[in-house]
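J.: Listed here are the chains, written in short residue letters.
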Amino acid sequence: MTTASTEAASTRTDALVIDGVEFGSRLIMGTGGAPSLDGLGAALLASGTELTTVAMRRYSPTETGSLFQLLVDHGIRVLPNTAGCFTAKDAVMTAELAREALETDWVKLEVIADEHTLLPDAVELVDATEKLVDRGFKVFAYTNDDPVLALRLENLGATAVMPLGAPIGTGLGILNPHNIELIVSRASVPVVLDAGIGTASDAALAMELGCDAVLLATAVTRAQNPVQMGEAFKHAVIAGRLAKQAGRIPRREHALASSAMEGRAEFL
Amino acid sequence: MNIKLNGADHTLSDDASVTTLVSHITGRVVDSSGQAADGRKIGVAVARNSEVVPRSQWAATALAEGDELEIVTAVQGG
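So the sequence lines, in the order shown, correspond to chains A and B.
When you line the first sequence up against this note's numbering, it's residues 1349 to 1616, in that order.
When you line the second sequence up against this note's numbering, it's residues 141 to 218, in that order.
Bound-form chain A, shown alone:
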């Protein structure tokens, strides 16, 4: 017999599978913007994330503590990114360095057009995806909320497509929910809503739109209470996923009574 509680439990254990790797959490965290490594570690733990992005930069002997070691110690898988790259050439070089340094062929491919918008440069992104797939990388392509481009990246061999909700760091939420739904409906690789998330309801909406996971950083690291916000996102992603699977009611133009009209008591 299936009870309500076992049914709910089985829903909650539906794992996110990327490149054959299972994740219990559908929240992917970034690490940018945290004022200290200790605070970051606490926020990551509160969020329940099992996969977290890092950037690659020059080694500095004066840096105290190792972010990579922190993630290893917490059992969080590392996803290096190519943040700060403007060309496919730079992105490929950064990915090669990340593969050597962190011993993973996963890479979050970010090729941005300019520092003002931080929006992906579609032409360079396509070029870099092709080159990295050729070199055996598992490419998580950070892309515009463009259903045509997302499908193009998938066809080039991207392991996951990561459309933005809004520009990086803006916290504007999901500006074009219809496009995100369209991307999800045509994708056969995981779709991760990346960038623009401001608060928990944005992440829940991403999951309700059918995304497989959500990636965010600033919304937690720059929140007034990062640990509490990390926990809020943990619940938001679970709630959004459950709601998507449960099947929402259709929107209606007019009210629909939920109490029967028959059998009402009559009063004089």
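Hints were generated in silico from the structure; no laboratory data involved.
Don't take every hint at face value.
Okay, the calculated bits of chain A under chain B, using three or more residues with CB under 8 Å as the criterion [claimed, not checked]:
| no. | stretch |
| --- | --- |
| 1 | 1376-1382 |
| 2 | 1396-1403 |
| 3 | 1424-1430 |
| 4 | 1436-1448 |
Have a look at the derived ranges for each label pair, beta carbon to beta carbon [said to hold, decoys possible]:
| no. | chain 1 | residue 1 | chain 2 | residue 2 | range |
| --- | --- | --- | --- | --- | --- |
| 5 | A | Gln1417 | B | Asp154 | 32 to 40 Å |
| 6 | B | Ala177 | A | Asp1421 | 15 to 23 Å |
| 7 | A | His1583 | B | Glu205 | 53 to 61 Å |
Ideal Cβ positions, reconstructed from N, Cα and C, are used throughout, including at glycine.
With chain A held as given, fit chain B onto it using these hints.
T.: Showing chain B alone in chain A's frame:
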């Protein structure tokens, strides 16, 4: 010999390899396979004159006068 390390001038002994440099900079003992001898992840990558040097090649890669080296690691981001 004189090299550039992460954009700055750096002086090393003439017989230095990539392993020598990585050990020197990180303060960790690096074995011949390019892993830290303390068993923990070293987490750095090296590019020499814009070519990535795989960690398995660190010990065998001798440095030369005027080489430009980049040593990178994971930092907060994304």
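J.: Indicate, hint by hint, whether the structure satisfies it.
T.: Against the structure, the hints:
{"no.": "1", "hint": "1376-1382", "result": "holds (count 5)"}
{"no.": "2", "hint": "1396-1403", "result": "holds (count 3)"}
{"no.": "3", "hint": "1424-1430", "result": "holds (count 4)"}
{"no.": "4", "hint": "1436-1448", "result": "holds (count 6)"}
{"no.": "5", "hint": "A:Gln1417 <-> B:Asp154: 32 to 40 Å", "result": "holds (33 Å)"}
{"no.": "6", "hint": "B:Ala177 <-> A:Asp1421: 15 to 23 Å", "result": "holds (19 Å)"}
{"no.": "7", "hint": "A:His1583 <-> B:Glu205: 53 to 61 Å", "result": "holds (59 Å)"}
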